[in-house]
Amino acid sequence: MTVSPENQKLRPEMETDTEGAREEALRRAISGGARPAKPNGIATSFTFGWRALLKIKYIPEQLIDATIFPIMFLLMFTYLFGGALAGSTGDYLQFLLPGILVQTIVTLTMYTGVELNNDITKGIFDRFRSLPIWHPSVLVGALMVDGVRYTMASAIMIILGLILGFRPEGGILGMVAAVLLLQVFAFSLSWIWTTLGMIMRSEKSLMGVSMMVMFPLTFISNVFVDPETMPSWLQGFVEINPISLVVTAVRGLMHGTVTFAEISWVLVAAVILTAVFAPLTMYLYRNKN
Amino acid sequence: MNDQPQKELAIKAAGLVKKFGEERAVDGVDLAVQRGTVYGFLGPNGAGKTTTIRMLATLLSPDGGSATVLGYDLATEADKVRSHVSLTGQFASVDEDLTGLENLILIGRLMGYTRKEARDRGTELLHAFGLEDAARRQVKKYSGGMRRRIDIAASIVVTPDLLFLDEPTTGLDPRSRNQVWSIVRTLVSTGTTVLLTTQYLEEADQLADRIAVIDRGRIIAEGTSGELKASLGTGSLQVRLLHPEDRPRAEQLLAEKLNTSIILETDPSALSAQVSDTTQASTALSALTKANIEVTDFSLGQPSLDEVFLQLTGKPAEEEEAVK
Ligand SMILES: Nc1ncnc2c1ncn2[C@@H]1O[C@H](COP(=O)(O)OP(=O)(O)OP(=O)(O)O)[C@@H](O)[C@H]1O
Ligand SMILES: [Mg+2]
Numbered sequence: 001m002t003v004s005p006e007n008q009k010l011r012p013e014m015e016t017d018t019e020g021a022r023e024e025a026l027r028r029a030i031s032g033g034a035r036p037a038k039p040n041g042i043a044t045s046f047t048f049g050w051r052a053l054l055k056i057k058y059i060p061e062q063l064i065d066a067t068i069f070p071i072m073f074l075l076m077f078t079y080l081f082g083g084a085l086a087g088s089t090g091d092y093l094q095f096l097l098p099g100i101l102v103q104t105i106v107t108l109t110m111y112t113g114v115e116l117n118n119d120i121t122k123g124i125f126d127r128f129r130s131l132p133i134w135h136p137s138v139l140v141g142a143l144m145v146d147g148v149r150y151t152m153a154s155a156i157m158i159i160l161g162l163i164l165g166f167r168p169e170g171g172i173l174g175m176v177a178a179v180l181l182l183q184v185f186a187f188s189l190s191w192i193w194t195t196l197g198m199i200m201r202s203e204k205s206l207m208g209v210s211m212m213v214m215f216p217l218t219f220i221s222n223v224f225v226d227p228e229t230m231p232s233w234l235q236g237f238v239e240i241n242p243i244s245l246v247v248t249a250v251r252g253l254m255h256g257t258v259t260f261a262e263i264s265w266v267l268v269a270a271v272i273l274t275a276v277f278a279p280l281t282m283y284l285y286r287n288k289n
Numbered sequence: 001m002n003d004q005p006q007k008e009l010a011i012k013a014a015g016l017v018k019k020f021g022e023e024r025a026v027d028g029v030d031l032a033v034q035r036g037t038v039y040g041f042l043g044p045n046g047a048g049k050t051t052t053i054r055m056l057a058t059l060l061s062p063d064g065g066s067a068t069v070l071g072y073d074l075a076t077e078a079d080k081v082r083s084h085v086s087l088t089g090q091f092a093s094v095d096e097d098l099t100g101l102e103n104l105i106l107i108g109r110l111m112g113y114t115r116k117e118a119r120d121r122g123t124e125l126l127h128a129f130g131l132e133d134a135a136r137r138q139v140k141k142y143s144g145g146m147r148r149r150i151d152i153a154a155s156i157v158v159t160p161d162l163l164f165l166d167e168p169t170t171g172l173d174p175r176s177r178n179q180v181w182s183i184v185r186t187l188v189s190t191g192t193t194v195l196l197t198t199q200y201l202e203e204a205d206q207l208a209d210r211i212a213v214i215d216r217g218r219i220i221a222e223g224t225s226g227e228l229k230a231s232l233g234t235g236s237l238q239v240r241l242l243h244p245e246d247r248p249r250a251e252q253l254l255a256e257k258l259n260t261s262i263i264l265e266t267d268p269s270a271l272s273a274q275v276s277d278t279t280q281a282s283t284a285l286s287a288l289t290k291a292n293i294e295v296t297d298f299s300l301g302q303p304s305l306d307e308v309f310l311q312l313t314g315k316p317a318e319e320e321e322a323v324k
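In order, the protein sequence lines correspond to chains P and D.
Per the UniProt record's numbering, the first sequence starts with residue 1, numbered consecutively.
Per the UniProt record's numbering, the second sequence starts with residue 1, numbered consecutively.
Since the hints were derived computationally from the structure, they do not count as laboratory data.
Note that the structure is a prediction, hence the values are computed from the model and not measured.
By construction, the Cβ of each residue, glycine as well, lies at the ideal position given by its N, Cα and C atoms.
There may be inaccurate statements among the hints.
[As the list claims (entries may be wrong)] No more than 25 Å apart at the CA atoms, straight line, and that leaves these computed lysine-lysine pairs for BS3-like:
(1) K288(P) - K229(D)
(2) K290(D) - K38(P)
(3) K122(P) - K141(D)
(4) K12(D) - K57(P)
(5) K57(P) - K288(P)
(6) K116(D) - K55(P)
(7) K57(P) - K140(D)
(8) K55(P) - K141(D)
(9) K204(P) - K122(P)
(10) K12(D) - K288(P)
(11) K288(P) - K204(P)
(12) K12(D) - K116(D)
(13) K141(D) - K57(P)
(14) K229(D) - K257(D)
(15) K55(P) - K290(D)
(16) K80(D) - K38(P)
(17) K122(P) - K257(D)
(18) K288(P) - K122(P)
(19) K122(P) - K57(P)
(20) K290(D) - K204(P)
(21) K288(P) - K80(D)
(22) K55(P) - K122(P)
(23) K122(P) - K116(D)
(24) K290(D) - K257(D)
[Stated by the list, open to error] Reference listing, derived: stretches of chain D covered by chain P, where coverage requires no fewer than 3 residues with Cβ under 8 Å from a Cβ of chain P:
(25) 59-65
(26) 70-76
(27) 98-108
All chains, full assembly: derive it from the sequences and hints.
This is the structure we're talking about:
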């Protein structure tokens with residue numbers, strides 16, 4: 001195309017035109033933020049859940065812990081200890097699977113604290129804190145999406161277990177109930193990690209402390225072996241360890257031998273954990289320097 | 001209506017104090033910010049700018065003093081304050097893993113827009129801020145200038161009555177800086193009050209109706225840019241001589257003509273002085289020529305932040321840091 005002199009003359013005018021248009025757009029955009037009605041806590045929780053899902057979309061590696069861990073753990077422990085502890089891997093699997101399911105999910109809850117800690121070290125945390133919203137939704141939303149990850153991990157583990165020869169007496173209903181109960185407990189336990197996530201200065205120190213809590217709790221329990229074989233002083237700890245309570249209930253639900261008391265203990269533990277650590281987390285959230 | 005008190009001042013603070021351990025990061029700050037104006041907070045690193053802003057935006061609770069923001073008490077009506085103010089922090093305050101558009105939708109949804117409204121509003125803002133091409137790119141892949149703009153965009157998804165901007169242009173090139181300035185000007189012309197912090201006198205001069213100079217947690221000067229300048233002189237006259245041995249004579253002469261103390265620079269042939277107007281500066285220069293003192297170079301600049309500090313505290317800003 002040839003440019004005629006007239007066209008050239010037109011150019012600058014067109015530019016000021018778009019310049020003016022842009023300025024007008026800027027003015028309109030800036031004054032155009034009409035204030036909508038304040039959303040409720042459920043709505044904002046779902047919005048934060050949407051954010052957590054987007055994060056999974058962009059950083060799918062996050063899901064490795066929820067997919068590979070369960071497979072690794074189950075295979076490793078079944079074949080490593082099965083023969084020695086129960087005489088055969090098949091027998092041991094009946095005992096181990098519910099326990100290791102609990103251990104896996106409980107370990108996954110630690111990442112909730114890590115996510116929160118990451119947000120804090122970045123500026124986005126201040127943004128959320130300065131918004132006029134129901135503030136626990138920042139965490140509740142994230143915990144809801146964690147529930148999705150726990151469900152995924154549980155499904156993977158149970159399916160693999162069934163393939164390897166796990167035969168639960170409680171049937172499908174028992175397994176679904178077990179996973180649900182475990183979710184409730186995981187939700188309540190997460191508040192410990194969010195509390196720590198608020199306090200610890202870096203992801204590294206947070207992981208260190210979380211591991212220090214998690215390791216003894218999951219291993220000094222009835223996950224891997226029957227406490228009968230332990231010295232009595234250790235049995236005492238295992239019996240009051242909340243992880244053992246959960247394992248007993250989940251095992252009972254899966255094998256159809258659960259008692260009302262066993263389920264109640266888990267719920268009591270969940271209520272206590274939430275009642276203590278959720279308000280503590282929110283207190284720290286409000287008063288973070 | 002109960003919106004009445006908002007008519008007067010956007011921010012009224014008395015004796016704000018914030019301690020971190022033994023350190024008094026903010027040490028008795030009084031503020032009065034008129035609605036619909038830009039208020040500049042000028043100070044060096046560690047002066048307490050961010051801490052003050054974070055208190056006013058309800059992110060930190062003061063250890064002393066009181067404040068009302070838009071007529072609401074900071075201590076007892078924090079929720080109301082949060083509904084009407086917005087904060088663009090010193091460091092990226094959006095989610096870097098998400099795209100620009102997703103960030104704006106996130107804020108829009110949290111403020112109560114429907115999905116469609118939030119998307120439309122986000123698109124509108126990205127367009128207005130010249131970020132439409134980057135709408136679907138993760139913020140971590142943005143340049144510094146784009147990042148600053150998305151930060152500000154996120155703060156005005158719902159037009160706030162009061163916007164805090166913490167060092168909005170630090171580290172930006174002149175073009176990006178001008179873009180941010182024009183955003184701030186437009187924002188104010190539509191009625192929003194802006195409180196911004198800066199380390200640059202020029203920025204405060206360009207944007208702010210009133211300026212507070214803050215140092216070590218205290219406001220050491222306050223006024224319009226004109227008032228501050230009048231108290232500081234329009235700027236500093238810097239002179240470099242051909243022969244360093246002429247300097248004592250030049251110093252004496254300039255002191256006579258300008259009636260102010262002369263600063264001897266580390267360069268043995270350079271000296272500078274505060275001047276209140278350009279006529280004074282040219283009189284001084286011609287006096288040097290008449291006295292046969294050869295000048296190789298001279299400049300008349302706005303007072304730098306350092307000079308402001310020198311003038312206001314009698315000590316350079318860094319020296320004070322060192323003393324601490
Ligand atoms: N969370 C904190 N804990 C301890 N000390 C802090 C904290 N935040 C700020 N300080 C201290 O308070 C003082 C004021 O800091 P502030 O961030 O308000 O300064 P500033 O004026 O914003 O500086 P800059 O220009 O570097 O951003 C500094 O000495 C800083 O070390
Ligand atoms: Mg700062």
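Hint check:
As the CA atoms of K288(P) and K229(D) are separated by approximately 39 Å, the hinted pair breaks the 25 Å bound. Only pairs whose Cα atoms come within 25 Å are accepted, and K290(D) paired with K38(P) is rejected, the gap being roughly 73 Å. At most 25 Å may separate the alpha-carbon atoms for a hinted pair to count; K122(P) and K141(D) meet this at roughly 16 Å. Only pairs whose Cα atoms come within 25 Å are accepted, and K12(D) paired with K57(P) is rejected, the gap being roughly 45 Å.
Taking the CA atoms of K57(P) and K288(P), the gap is about 30 Å. The hint is violated against a cut of 25 Å. A C-alpha spacing of about 21 Å is found between K116(D) and K55(P), which places the hinted pair at or below 25 Å, so the restraint holds. Straight-line distance between C-alpha atoms of K57(P) and K140(D) comes to about 15 Å, which keeps the hinted pair within the 25 Å bound. Between K55(P) and K141(D) the CA atoms are separated by roughly 15 Å; this keeps the pair inside 25 Å, and the hint holds.
Only pairs whose Cα atoms come within 25 Å are accepted, and K204(P) paired with K122(P) is accepted, the gap being roughly 15 Å. Only pairs whose Cα atoms come within 25 Å are accepted, and K12(D) paired with K288(P) is accepted, the gap being roughly 24 Å. Of the supplied pair hints, the one linking K288(P) and K204(P) holds, its CA atoms being roughly 19 Å apart against a limit of 25 Å. For a cut-off of 25 Å, the pair hint linking K12(D) to K116(D) is broken: about 38 Å separates their Cα positions.
Distance hint between K141(D) and K57(P) is fulfilled; the C-alpha atoms sit about 16 Å from each other, no more than 25 Å. For the hint pairing K229(D) with K257(D), the CA-to-CA distance comes to about 20 Å; that is within 25 Å, so the pair holds. Distance check on the hinted pair: K55(P) and K290(D) sit about 72 Å apart at the alpha-carbon level, beyond 25 Å; violated. For the hint linking K80(D) to K38(P), the alpha-carbon distance of about 12 Å falls within 25 Å, and the restraint holds.
Using a Cα cut-off of 25 Å, the hinted pair K122(P) and K257(D) is violated, with the two alpha carbons roughly 54 Å apart. Of the supplied pair hints, the one linking K288(P) and K122(P) holds, its CA atoms being roughly 13 Å apart against a limit of 25 Å. For a cut-off of 25 Å, the pair hint linking K122(P) to K57(P) stands: about 20 Å separates their Cα positions. Between K290(D) and K204(P) the alpha-carbon distance is near 70 Å, which puts this suggested pair outside the 25 Å criterion.
Only pairs whose Cα atoms come within 25 Å are accepted, and K288(P) paired with K80(D) is accepted, the gap being roughly 20 Å. At roughly 15 Å between alpha-carbon atoms, K55(P) and K122(P) fall within 25 Å of each other, so this suggested pair holds. Of the supplied pair hints, the one linking K122(P) and K116(D) is violated, its CA atoms being roughly 28 Å apart against a limit of 25 Å. A C-alpha spacing of about 13 Å is found between K290(D) and K257(D), which places the hinted pair at or below 25 Å, so the restraint holds.
Counting residues of the region 59-65 of chain D whose beta-carbon sits less than 8 Å from any beta-carbon of chain P gives 3, enough to reach three: the coverage restraint holds. Figure legend: the region 70-76 of chain D, annotated as covered by chain P; annotation inconsistent (0 residues with Cβ-Cβ distances under 8 Å, at least 3 required). With a threshold of 8 Å between beta carbons, the proposed coverage of the region 98-108 of chain D by chain P holds, since 4 of its residues qualify and at least three are required.
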